[in-house]
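Required output: the full structure, derived from the provided sequences and hints.
Top to bottom, those sequences are chains A and B.
My numbering puts the first residue of the first sequence at 277, with every later residue one more than the last.
My numbering puts the first residue of the second sequence at 277, with every later residue one more than the last.
There may be inaccurate statements among the hints.
Pairs of lysine to aspartate or glutamate residues, derived as EDC-like cross-links and limited to a Cα-Cα distance of at most 20 Å, are as follows [claimed, not checked]:
{"id": "1", "chain 1": "A", "residue 1": "Lys284", "chain 2": "B", "residue 2": "Asp300"}
{"id": "2", "chain 1": "A", "residue 1": "Lys284", "chain 2": "A", "residue 2": "Glu307"}
{"id": "3", "chain 1": "B", "residue 1": "Lys284", "chain 2": "A", "residue 2": "Asp383"}
{"id": "4", "chain 1": "B", "residue 1": "Lys284", "chain 2": "A", "residue 2": "Glu307"}
{"id": "5", "chain 1": "A", "residue 1": "Lys284", "chain 2": "B", "residue 2": "Asp332"}
No lab work stands behind these hints, which were simulated from the structure alone.
2 protein chains.
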Amino acid sequence: MNEVPILKIGSTLLVSIQVELQDDTVLQLQEDLAARITRTGARGVIIDISGLEIVDSFIGRMLASVAAVSRVLDARTVVVGMRPAVAITMVELGLGLHGVQTALDVDRGLALLSPDSGAAEDVLLAAVERDAG
Amino acid sequence: MNEVPILKIGSTLLVSIQVELQDDTVLQLQEDLAARITRTGARGVIIDISGLEIVDSFIGRMLASVAAVSRVLDARTVVVGMRPAVAITMVELGLGLHGVQTALDVDRGLALLSPDSGAAEDVLLAAVERDAG
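Structure below.
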């Protein structure tokens, strides 16, 4: 029982990490997630880490790599549910989760990934570009 | 790391069971869930069992008991993600998940728990009562 389930909520996939991740579990998860994005046409991936008491560089790399794979499949990744103590430890360790977007909880992650929010971002970008041009 | 995270999606709580449940984990989960329903005013609970390869009478009782506790706190429970092999084994074992509503996946569970679906059910009930009266 070392397979991490991938849940579908509308056009978003949700992965809740609750177990100590091993190398092969991570590889399996990446493969499953890529296959699932392709099959469902999902536009967003939410990774919940509220079950994790420790986020080390291994987990950090895993999250960045999942986000990178999702990105080339045209899906955005948001990491949610980080515990306060985990955030503090990560910063102390110099881990910044670069290239990975975060949100406080699943609700905010879903809001961030909703088509409306994407549209709002596009409008913002357009405005920024217009101002710059 | 034997605490099962409870995720909030709108007015629904989502629990994804991925680990072998022990007695104390189940008690902890029931307490956490009851506290969370009270705190958030959640109207629905979705329990995802897609990570489980076996559902025995212990898990069956746990699901029924979570549903019963949620019910007295005015929240409906839907069990989702049952694997086909699990369903077959459960029926062979004579376990019917009595008193527990099921749905194929999280999406359908959310649809079942949405206020509209509840309203539709009320309308249906009213119609049935009218016809009977």
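request  = Take the C-alpha atoms of Lys284(A) and Asp300(B), compute the straight-line distance between them, and say whether it is at most 20 Å.
outcome  = 29 Å, violated
ask   = CA of Lys284(A) to CA of Asp332(B), is that 20 Å or under?
value = At roughly 26 Å apart (the allowed maximum being 20 Å), Asp332(B) and Lys284(A) break the hint.
ask   = When you check the alpha-carbon spacing of Lys284(A) and Glu307(A), does it fall within 20 Å?
value = 16 Å, holds
task = With a cut-off of 20 Å on the C-alpha distance, tell me whether Lys284(B) and Glu307(A) pass.
result = Status violated; Cα separation ~27 Å.
message = With the threshold set at 20 Å, check whether the alpha-carbon distance from Lys284(B) to Asp383(A) stays at or below it.
response = Holds. Lys284(B) to Asp383(A) sits at ~7 Å (cutoff 20 Å).
When each numbered hint is compared with the structure, violations occur for hints 1, 4, 5.
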